[in-house]
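Trainee: Sequence:
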Amino acid sequence: MPTYEYQCEKCHRVFEVRQRITEAPLDVCDVCGGRVKRLLSPAPFILKGEGWYVTDYPSESRKKAKEAEKSTNGSADKADKPAADKPAADKPAASTTSSTGAASPSAPAKSD
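My numbering puts the sequence shown at residues 1 to 112.
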């Protein structure tokens, strides 16, 4: 239920009233009988812990939906990537060295 802020035009008292959205706004000050007007107020929000908003804590159904989204995105990502056992056509072949530390056959050998 929202809280509305009112100000009396006669006694200038400012007060808050919790009302349903469907209820009519107040017209008369309950203290002096003067006319009241509803004030515009910023929407309230609640901070928890280190400054996170209450809406940052998803419900159980949202958590399940997020997990389902991750699993479908994860399988789509795997399908887009080339397999690890297939060599990529745009990468050069890696040079190999023997157990003696000699360079690959394509490299010229040094003579002493």
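By construction, these hints were calculated from the structure, which means they are not laboratory data.
Quick reminder that beta carbons are idealized off the backbone N, C-alpha and C, glycines included.
Please note: incorrect hints may appear among the correct ones.
Using C-beta positions, here's what the derived DEER-type ranges look like [claimed, not checked]:
#	residue 1	residue 2	range
1	Val17	Lys70	14 to 24 Å
2	Pro2	Arg62	19 to 29 Å
3	Arg35	Ser61	42 to 52 Å
4	Ala68	Val31	51 to 61 Å
5	Lys70	Pro44	24 to 34 Å
6	Ser71	Asp30	54 to 64 Å
7	Ala68	His12	50 to 60 Å
8	Met1	Asp27	13 to 23 Å
Trainee: Give a verdict on every hint.
Mentor: Cross-check of the supplied hints:
no.: 1; hint: Val17 with Lys70: 14 to 24 Å; in the structure: violated (45 Å)
no.: 2; hint: Pro2 with Arg62: 19 to 29 Å; in the structure: holds (24 Å)
no.: 3; hint: Arg35 with Ser61: 42 to 52 Å; in the structure: holds (47 Å)
no.: 4; hint: Ala68 with Val31: 51 to 61 Å; in the structure: holds (56 Å)
no.: 5; hint: Lys70 with Pro44: 24 to 34 Å; in the structure: holds (33 Å)
no.: 6; hint: Ser71 with Asp30: 54 to 64 Å; in the structure: holds (57 Å)
no.: 7; hint: Ala68 with His12: 50 to 60 Å; in the structure: holds (56 Å)
no.: 8; hint: Met1 with Asp27: 13 to 23 Å; in the structure: holds (20 Å)
Taken one by one, the earlier hints fail for this structure only at number 1.
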